[in-house]
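Read top to bottom, the protein sequences are chains A and B.
Each number in my numbering corresponds to the 1-based position in the first sequence with 204 added.
Each number in my numbering corresponds to the 1-based position in the second sequence with 11 added.
These aren't lab readings, by the way, just hints derived from the structure by calculation.
Misleading hints may appear alongside valid ones.
Facing chain B, from chain A, some residues (calculated, C-beta under 7 Å) [to be verified]:
#, residue
1, Asp233
2, Val236
3, Pro241
4, Trp244
5, Gln262
6, Thr263
7, Lys267
8, Arg270
9, Ala299
10, Asp331
11, Leu334
12, Leu349
13, Ala353
It should be emphasised that the depicted structure is a prediction, and the values quoted were computed from it without experimental measurement.
Just so it is clear, CB atoms sit at the ideal spot from N, CA and C, and this is done for glycine as well.
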Amino acid sequence: MSPGHRRLDDEQLGALLEKTRSGDRSSLDAVVRDLTPLLWHVARSQGLDSETSADVVQTTWLKLLRALDAIRAPGALVSWLVTTTKREAWRVAKAQRVERPVGDDAFFDEPDVAPGPEERVVASTRDRELWEAVERLPQRCRQLLRIVAYLHRPDYGVVSAALGMPRGSIGPQRGRCLDRLRALLSTKERDR
Amino acid sequence: MSTDDDLLVRLRDMWDECDPPPAVLADLACFALDHATADDEVLDVVRGPRLAAVRGDERSQLITFDSASLTIMVNVTAHADGSVRLDGWITPPAAYPVELRLPTATRSTSCDGNGRFAFTGVVPALAQFSVRANGTVTTPAIAL
Chain A
205 MSPGHRRLDD
215 EQLGALLEKT
225 RSGDRSSLDA
235 VVRDLTPLLW
245 HVARSQGLDS
255 ETSADVVQTT
265 WLKLLRALDA
275 IRAPGALVSW
285 LVTTTKREAW
295 RVAKAQRVER
305 PVGDDAFFDE
315 PDVAPGPEER
325 VVASTRDREL
335 WEAVERLPQR
345 CRQLLRIVAY
355 LHRPDYGVVS
365 AALGMPRGSI
375 GPQRGRCLDR
385 LRALLSTKER
395 DR
Chain B
12 MSTDDDLLVR
22 LRDMWDECDP
32 PPAVLADLAC
42 FALDHATADD
52 EVLDVVRGPR
62 LAAVRGDERS
72 QLITFDSASL
82 TIMVNVTAHA
92 DGSVRLDGWI
102 TPPAAYPVEL
112 RLPTATRSTS
122 CDGNGRFAFT
132 GVVPALAQFS
142 VRANGTVTTP
152 AIAL
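So that you can see chain A by itself, here it is in the shape it has in the complex:
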């Protein structure tokens, strides 16, 4: 388990949500600190670069203020945040394509929009093999795994709509994507 990336449980999150709704900004800050990593991974899973992902996460938090009245339960909060992050990511990616026409990239001293291992130093061999295997998964699996890795299992139901999947299908889809990943990893081991 990596400390700092595990969500508060629903009871704690629910209590903070209740205080936030009554105007307590320090509770809102605690919610932000707890759920920002999840939203970051949602934005990155959509193929945005780091800077744009950070902007999208912030915009999502600001837009939450207006939606807060209608959000009563922790699950609804997580669902709203994941949905909004995905929608914002899509909108900004579309606006960026207009702003940065394809082919102009060579002039700019910044990395490509798409995330990839080449812009990261993947420290250990073990991580590098896993990263490469993930890169070879279908995009749908990459996105799903990157999001569910940061969710509690009880949240699967509430985020299914956010992920555009029928209720109850995330568990089975997750299993199939992990099977494919295991197959890719064992191919790699055999090749060595």
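Guided by the hints, dock chain B onto chain A, whose structure is given.
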């Protein structure tokens, strides 16, 4: 072979290691939320590429903040002396009051009739714009 949960933990560790959220991201969000209210209209951010300016010792970036009702284009120029100049252009143009919120202070100005405004000699830090149009329009915070 590992169970599904073990493999997910490995994946999470890998992403934590290789592509974690920027350490300042939650701080930026909390800073941006600090003065925002539920009535604010929130602008999206569309970043242009970073360019070396005409003079080689400066760098500039055009950042567009956008909503259905208002667009703020801000050219951020970082000078060699470390200070930052912000040139803004709001459309539709009008003489809106504009605030630049920094961690240590809030600076105010107004657009001219063409929707243009500027803040000079800004110390690089977190910054957030707020424009009083029909209601209050707020941007996410940017790290200058």
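Do the hints match the structure? See the list:
no., hint, result
1, Asp233, "holds, 5 Å"
2, Val236, "holds, 5 Å"
3, Pro241, "holds, 5 Å"
4, Trp244, "holds, 4 Å"
5, Gln262, "holds, 4 Å"
6, Thr263, "holds, 5 Å"
7, Lys267, "holds, 5 Å"
8, Arg270, "holds, 5 Å"
9, Ala299, "holds, 5 Å"
10, Asp331, "holds, 5 Å"
11, Leu334, "holds, 5 Å"
12, Leu349, "holds, 6 Å"
13, Ala353, "holds, 4 Å"
The structure shown violates none of the earlier numbered hints.
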